[in-house]
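Q: So the chains spell out like this:
Number of protein chains: 2
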Amino acid sequence: MLFTSPLHEEIRALLLRRDAQALRAFCAPLHEADLAAALAEFEPADAAWVLTALDSDQGAWVLSHLGPDDQADIAPLLADEQLARMISHMDADDRVDLVRHLPAERSDRVLHLLAQAEREDIRKLGSYGEGTAGALMTSEYATLSPSLTAREALEKLRLEAPDKETIYYAYVIDGQRRLLGLVSLKDLILARPESRVAEFMHRELITARVDDPQEEVARKLAKYDLIALPVTNGNEALVGIVTFDDAQDVTEAEATTDFHRMGGSVSLEPTSLRDASIGLLVRKRLPWLLVLVVMNVFSGAGIAYFEDTIAAAVALVFFLPLLIDSGGNAGSQSATLMVRALAVGDVRLRDWLQLLGREVFVALVIGLCMGLAVSCIGLFRGGPDIAVVVALTMVVVVLVGSLIGMSLPFLMTRLRLDPATSSAPLVTSLADISGVLIYFSIATWYLGLPHGS
Amino acid sequence: MLFTSPLHEEIRALLLRRDAQALRAFCAPLHEADLAAALAEFEPADAAWVLTALDSDQGAWVLSHLGPDDQADIAPLLADEQLARMISHMDADDRVDLVRHLPAERSDRVLHLLAQAEREDIRKLGSYGEGTAGALMTSEYATLSPSLTAREALEKLRLEAPDKETIYYAYVIDGQRRLLGLVSLKDLILARPESRVAEFMHRELITARVDDPQEEVARKLAKYDLIALPVTNGNEALVGIVTFDDAQDVTEAEATTDFHRMGGSVSLEPTSLRDASIGLLVRKRLPWLLVLVVMNVFSGAGIAYFEDTIAAAVALVFFLPLLIDSGGNAGSQSATLMVRALAVGDVRLRDWLQLLGREVFVALVIGLCMGLAVSCIGLFRGGPDIAVVVALTMVVVVLVGSLIGMSLPFLMTRLRLDPATSSAPLVTSLADISGVLIYFSIATWYLGLPHGS
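Residue numbers (the working numbering), protein chains in the order written: chain B, -17 to 435; chain P, -17 to 435.
Don't take every hint at face value.
The list treats identical chains as interchangeable, and a pair is accepted whether it falls inside one copy or across any two copies.
[Stated by the list, open to error] With a Cα cut of at most 30 Å, we get these calculated DSS-like pairs of lysine-lysine:
no.: 1; residue 1: 168; residue 2: 205
no.: 2; residue 1: 168; residue 2: 266
no.: 3; residue 1: 138; residue 2: 266
no.: 4; residue 1: 138; residue 2: 202
no.: 5; residue 1: 106; residue 2: 266
no.: 6; residue 1: 205; residue 2: 266
Rather than coming from a laboratory, the hints here were simulated on the basis of the structure.
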């Protein structure tokens, strides 16, 4: 309950008077996305009361727009009949997500209150694995037979429009539901009324398979600027469509997850930062930090190994943060560029070797520039010998850091992990360890200092 | 020329035979997005030859799909007439972007070859500042008068459809082009043929202003699941629409920029990582790294100040990377969560104080857990006194790092900078400096070691 909006305040006023009729009238012209945002700020019991006060249609849409967390808080407070009525008014894909997150016993009771066809549709859509095209798609798409005329097709769409998520694309199928082509509503309007669908439908289709990963489906929709993408099963039969708005949500959630992973947090999904509890934040952030502590123990061990070197030339410690951080910073730059390029499909696994060559050059140029800069500081602080050591270390450290940073995302992808897991902190820690070893090795060698114990 | 695709190879074969007719026939059924991806891998001269070999329509669309860099490479190789013909076949918003990037003299020559109406349209659309809704919108939208019947409106859209970017939404305007309402093609199909547009149009509209930032417009389209968003000028007159596909591109580019900034690179926009030259990568990455070196000099100075402390207890250096990195890591976690939440609009500037309270709690819990963990290592490596010092330091360092990490993005926003500029490396460096000071201050105080010089 951290934040409130003006809309929230107006609804609260009506809520306090428990005036359902006024509330319904007030909300009728508002957009469901705005109402959902306002409702998310209420206590679940109040939000549930508002939902049931709304028109069934609007209540269902607002419930669709709420996040899974809010849905899970509110659903238990609705009577079975109320929830069933809302579910039957929701879009096919949204209601599957809701039912999927209900306790098994509850979902059985609620499904029982729905019409047979709806129940079967939910069961079928709900059977696809999370994260697949099947779990993202809706069953409410328009189909046409190839032998219809444009006039007949338009009439069919007119009749079916209220039950379909979009009628801007209609899919042409045969008796076995095999996908033959696509007709847009624009095509239908432009076609001669007596021409057959088969004559003017598009036959070159962009499609997805039910088990394709959601991110791939979302990327396809964006690449080809599609409003919807048909999804087929193993028998080439049309089983659903994914619409652009659901694809956008996937892309945004994916970017957020990558972003959080890069920063060294596990994703907060499905909660947002705003709604995250203290407990959740600690649980998500702490494990990674502890892993990194363990890794840093190795840096410490590296330092301990060179304790005699340090004791002999304490001035070296001055340059320690500067040098090892530079390696880590260069590495996290490389990792960030690479993780994003892999995520948006700009770069693929097999490109690693070719990119490595370029990275070596880039890192060498950057390392030389930074080595030059740091040698000035070295000259000023410790004389010519120290200047050589820090400059040399800088070049090697930036090179090694960059190579770790650019390779780790590929390695992660190869191991079928999310490349974003090669987060900046992980790269930094690895670069730190190698930085400590490189620095003191070069120092002992060049300055002839005592070796480690 | 790092990468090649199968499609690229097939086109190359036809290109080598200079068989324009076969090339045109081969490409005709292909999608422009795929052709553009393949062409981007050619030398500009070859890409230009392929473009002119294609159908005018298809050539124009492929050119639209190419990135600004590739367009800039290819445009000089096309004759004025060829370029003008392609431009006149491009969508209104795409051609403005292309013309905007031509040298002034060339764009004058090419504009001169276009029809008067097209020329004026390009000049008008091109007059809006980059990054605004005006620069993103297209002028090819469908309008209706409120007094038309559904039948008449449908007939009007049928006639205009070939010239409009979308006819799924038509905007209802009065004589002064003031926006009165919206009618979807679905509404028109469902309406009684004799009913008036004014009777069934939607009056509650989501709109944008020409000078709204592009990211805000993109977010609105996504929030309300719109195919297009009308854009009005200061007089409430409709001047354009932004379509969902262009909004998606903005969102993706924005996420990439934030991602790169967070990793401590300036954005590579408008180039992609794949196309970036070594020089560009060095220029983008080096400045930030040098800034961070300068900051790390302060960490070094902190260490130098405590040189006597270190000389008295070299064992302390073992824990240095571990402790200061933990502060940086906790800080970059907080910064990442906050930057993304600000970017997607989950959190706003005025929420800072409330979030600060929660962050203090989260950081304290995390710090205590990590302090406990590290005290075990301290006990093992250096005895009870060292254990107390490192545990205490860990708690303070995690707390300070987290507060820096969460506050910096707000500060940046406040200063009207991109919050993503508070990148992980910046937070890490700030946390390092404070970490060094905190660690050795606590150590000198608790262990009674000699002070800094």
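Q: Decide, hint by hint, whether the structure agrees.
A: Comparing the hints with the structure gives:
1. In this assembly of identical chains, the alpha carbons of residue 168 and residue 205 lie at most 30 Å apart whether taken from the same copy (21 Å) or from different copies (25 Å).
2. Taking the closest pair of Cα atoms, residue 168 and residue 266 never come within 30 Å of each other, the shortest separation being 48 Å inside a single copy and 45 Å across copies.
3. For a Cα distance limit of 30 Å, the shortest separation of residue 138 from residue 266 qualifies neither inside one copy, at 51 Å, nor across copies, at 56 Å.
4. Only within a single protomer do residue 138 and residue 202 lie at most 30 Å apart by alpha-carbon distance; the minimum there is 29 Å, versus 33 Å between protomers.
5. For a Cα distance limit of 30 Å, the shortest separation of residue 106 from residue 266 qualifies neither inside one copy, at 33 Å, nor across copies, at 50 Å.
6. When the C-alpha separation of residue 205 and residue 266 is checked against a cutoff of 30 Å, the pair qualifies only between copies, where the shortest distance is 27 Å, while the shortest distance within a copy is 33 Å.
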